[in-house]
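Undergrad: Sequence:
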Amino acid sequence: MPSDITEILVPVVARPVKTHRLRFDFRLRVWLTWALLFIVLIGGLQHLGLDFGLIQAKLPFMLGLHLSPNGFVQGVVLTLLVTAMSMVFAVGLAILTALGRLSRNPVAFAIATFYASFFRGTPLLVQVLLIYLALPQFGIILSALTSGVMALSLNYAAYLAETIRAGITAVPRGQREAAMALGLPPLLIAFKIIAPQAARVIIPPAGAQFVSMLKDSSLVSLMGLWELNFLAQSYGRSTYHYMEMLLTAAFIYWLLSILFEIVQHRLEVRFGRAYGAARG
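This note's numbering numbers the first residue of the sequence shown as 2 and each following residue consecutively.
For the record, the hints were derived by calculation from the structure and aren't laboratory data.
Some hints could be false.
Label-pair restraints from in silico Cβ distances [stated by the list, open to error]:
(1) P61 <-> F90: 24 to 32 Å
(2) A191 <-> A36: 44 to 52 Å
(3) G175 <-> H266: 46 to 54 Å
(4) F90 <-> I142: 55 to 63 Å
(5) T114 <-> P70: 44 to 52 Å
(6) K216 <-> F192: 40 to 48 Å
(7) A36 <-> G122: 52 to 60 Å
(8) W32 <-> N71: 40 to 48 Å
(9) E178 <-> A36: 50 to 58 Å
(10) L97 <-> H67: 36 to 44 Å
(11) G184 <-> A36: 52 to 60 Å
Yeah, the Cβ is synthetic: ideal placement off N, Cα and C, and Gly gets one too.
Produce the entire structure from the sequences given, and follow the hints as far as they go.
TA: Written out as structure tokens, the structure reads:
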């Protein structure tokens, strides 16, 4: 009898161990392949005869370790500042737009859909120029920082609103009805019942949009803000070494994108684990 029990239990216990080992082997091979590709990339760049001394001299300024001549932040620090401010305003506006899309009020629905249609149907570059260059024609003069943040917020909120709407509608209607039957107030239902479950659906596409926002923040260089892209072009123009400066900016954007994706992945795992526990 004990031997029979052992024969039954061993496969059950060994299966998770084997699965864990397979996952570890897969991740190890992925990282080794990444390391190999990175070495090949660096080796190829070295054969181009790049001026790494120039990169070393300009890198502290591009990273924002020094202030700009007017005493304001520059480089990566300014890029992250623009992105963070745009994220905050975009999320707030996107929630309002998503609620308008879900509203049974025809006026609220019309306003939300009109706004989303316009900002999703026109290029971000045109929106940046409209806010920064066209509004002064009517006496509305905004700073470059305000114009950049406004353009990014308005544009990405239009896309993010649809993501939030999809996340809210993905929550089973019975969850809301059960909470209402228990007498819970609407705000508590929204923040404690609907939001945690909707976040599981919202986070992956929203994270991808925030990574895109980080890269699109380079458009504010058109308004003279000393962010990463502006510095790369300026240093390339003054030294005639565009390749070094633009490649440096590209690598920095790439690293920032990877960090954003790591945060996104951790949030996905966290909310996915909570969802799995709730189902269990």
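Undergrad: Against each hint, give a clear statement of whether it holds in the structure.
TA: Each hint tested on the structure:
Between P61 and F90 the CB atoms are about 30 Å apart, so this pair conforms to the stated range of 24 to 32 Å. For the pair A191 and A36, the beta carbons lie near 46 Å from each other, so the given range of 44 to 52 Å is met. Distance hint for G175 and H266: a CB-CB separation of about 30 Å, inconsistent with the stated range 46 to 54 Å. For the pair F90 and I142, the beta carbons lie near 20 Å from each other, so the given range of 55 to 63 Å is not met.
For the hinted restraint 44 to 52 Å between T114 and P70, the CB-CB distance of approximately 45 Å keeps it satisfied. Checking the proposed 40 to 48 Å range against K216 and F192 shows it is violated: the Cβ atoms sit about 32 Å from each other. Checked against the hint of 52 to 60 Å, the pair A36 and G122 fails, with Cβ atoms roughly 43 Å apart. As the Cβ distance of W32 to N71 is approximately 43 Å, the hint placing it in 40 to 48 Å holds.
Remark: the range hint 50 to 58 Å for E178 to A36 is upheld by a beta-carbon distance near 52 Å. Between L97 and H67 the beta carbons are some 39 Å apart, a value that agrees with the proposed interval 36 to 44 Å. With their beta carbons about 57 Å apart, G184 and A36 fall inside the hinted range of 52 to 60 Å.
Going down the numbered hints, you'll see the structure goes against 3, 4, 6, 7, while the others check out.
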